[in-house]
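Chain B: place on chain A using the hints.
Each protein sequence line maps, in turn, to chains A and B.
Under UniProt numbering, the letters of the first sequence match residues 1 to 246, in that order.
Under UniProt numbering, the letters of the second sequence match residues 1 to 246, in that order.
Please note that a few of the clues may not be correct.
Claimed, not checked - Below, simulated DSS-like cross-link-like pairs (lysine-lysine); rule was C-alpha separation at most 25 Å, straight line:
| no. | chain 1 | residue 1 | chain 2 | residue 2 |
| --- | --- | --- | --- | --- |
| 1 | A | Lys87 | B | Lys87 |
| 2 | A | Lys24 | B | Lys213 |
| 3 | B | Lys208 | A | Lys162 |
| 4 | B | Lys24 | A | Lys22 |
| 5 | A | Lys162 | A | Lys24 |
| 6 | A | Lys172 | A | Lys24 |
| 7 | B | Lys22 | A | Lys162 |
| 8 | A | Lys196 | B | Lys119 |
| 9 | B | Lys208 | B | Lys22 |
| 10 | B | Lys22 | A | Lys213 |
| 11 | B | Lys22 | A | Lys208 |
| 12 | A | Lys208 | B | Lys119 |
| 13 | B | Lys22 | A | Lys172 |
| 14 | A | Lys24 | A | Lys208 |
| 15 | B | Lys162 | A | Lys213 |
| 16 | B | Lys162 | A | Lys208 |
| 17 | B | Lys119 | A | Lys213 |
| 18 | B | Lys162 | A | Lys22 |
| 19 | B | Lys162 | B | Lys119 |
| 20 | B | Lys213 | A | Lys119 |
| 21 | A | Lys22 | A | Lys162 |
| 22 | B | Lys22 | B | Lys196 |
| 23 | A | Lys208 | B | Lys24 |
| 24 | B | Lys213 | B | Lys162 |
What the hints assert, rightly or not - Label pairs and their computed distance ranges (CB to CB):
| no. | chain 1 | residue 1 | chain 2 | residue 2 | range |
| --- | --- | --- | --- | --- | --- |
| 25 | B | Lys172 | A | Asp97 | 44 to 50 Å |
| 26 | B | Glu49 | A | Ser243 | 26 to 32 Å |
| 27 | B | Thr166 | A | Tyr107 | 52 to 58 Å |
| 28 | B | Lys172 | A | Ile36 | 41 to 47 Å |
| 29 | B | Asp31 | A | Pro199 | 52 to 58 Å |
| 30 | A | Glu226 | B | Asp31 | 43 to 49 Å |
| 31 | A | Asp245 | B | Gly144 | 37 to 43 Å |
| 32 | B | Glu217 | A | Thr177 | 37 to 43 Å |
| 33 | B | Lys172 | A | Tyr107 | 39 to 45 Å |
Calculated from the structure, these hints are not laboratory results.
Note that this is a predicted model, so its numbers are computed, not measured.
Built from N, CA and C at the ideal position, the CB exists for glycine as well.
Protein chains: 2
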Amino acid sequence: MTGIVTAAMLVIGDEILSGRTKDKNIGHLADILTAIGIDLKEVRIVPDEEDEIVSALNAVRARYTYVFTSGGIGPTHDDITADSVAKAFGVPCEYDDAAYALLAAHYARRELEFTEARKRMARMPRGASHIENPVSVAPGFRIGNVHVMAGVPSVFQAMLDKVVPTLKTGLKMLSATVPCALGEGVIGGPLAEIQKAHPETIIGSYPKFGEGKFWTELVVRARSPEILEAARRDVEAMVSALSADA
Amino acid sequence: MTGIVTAAMLVIGDEILSGRTKDKNIGHLADILTAIGIDLKEVRIVPDEEDEIVSALNAVRARYTYVFTSGGIGPTHDDITADSVAKAFGVPCEYDDAAYALLAAHYARRELEFTEARKRMARMPRGASHIENPVSVAPGFRIGNVHVMAGVPSVFQAMLDKVVPTLKTGLKMLSATVPCALGEGVIGGPLAEIQKAHPETIIGSYPKFGEGKFWTELVVRARSPEILEAARRDVEAMVSALSADA
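One chain only, chain A, in its complex shape (with noise of 0.2 Å):
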């Protein structure tokens, strides 16, 4: 499996449990991940519970190269993503000289008073190294296999593009796609023996529906240009062939 990266995700947050937030980053750090080489395997919500976020964190760190999460790093009492993380890790949560003196300067800077509240902001686990926030000052942070950043949309995304090029990346995923007017049930068989034929490849179907008709995507997944093109030649030429039957 050399030249293989995996990642899991885990978003943490009631609100995206209840419905009242709509998740933005699982789709976002997907392509992102697919984009360098990096394969996301497992994704995870969980509630803003310390028991969970511990398990959860303990069972996908252990399993996979790297783990982002989003959401629980901001300033108040249901925020326990940072004491969470330490806890997992087995070490304590403490304020961080840095990001205390990051903070402490940035409010001084626009008169505001550098809160209880805002002062959690700089807490992390003991040997974490910062993740920073261009939108927002508050850093997230990296501890051993995992990046901690924030939920809010916009700072996570800027938060995973400082992370982005310190990431190993492994020997990318490539794909192609054939469309396909026909739907699964007449593809279906012969897509299974191409499939067979083609053991390196990973091809998925993926059934669309929209203005009263459905049709099928089908993508070609592999990790050679040679493989991938022998592979999605047969996917074209059975495409055309039941097409003029049909």
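Just chain B now, with coordinates in the frame of chain A:
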């Protein structure tokens, strides 16, 4: 914990993890469950891999009142949800006579061949009961506390509409929103005190960002209207007092 009904969701599909398809079912299920008093406590997104689906499903079905899945029940080789659910329950996955007859009649009416691929959609774990599909005929199914539904959002939503009347619903979580022009750094400390004073509520603080500034949505949740109102009043009074100071 009488009156509390919990749920988890399992989203099945490589296309969500690769970013190719953006999930629309999590937010919809969250909204519907919240509306009927069921607490969605966890969501997992897993790839089209049998071992991953089986282990995630077994983990969540043991923990929550209900499980809802989306994706992987179409006619193609990568649709392995029915087989995986059967494996998780330790029962065979086989043609369901009623589903087979329904699909056979459907394709006969449309003068389309009932292909091997289409027949796959009549397979379900032994002992499962149908979830009607008013959009595209092929049924979802329920086995034990697990509801297996399509990934295409229009079909997922139609199936969920059929499932909802069969669910026992809990004591509904009520919520009240207090708008707040102040940032979390200002209200964080006092809000934590209010949370402590109202232990039977869940008080959330959701930072919002747009048009170049931050604001905050404060949400009080409780299962009793009286408990909710008492906490809501305290939050509102706190916001008023701090806004007057600002």
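Hint check against the structure, violated hint numbers in rising order: Checked against the structure, the hints that fail are numbers 1, 22, 24 and 29, while the rest are satisfied.
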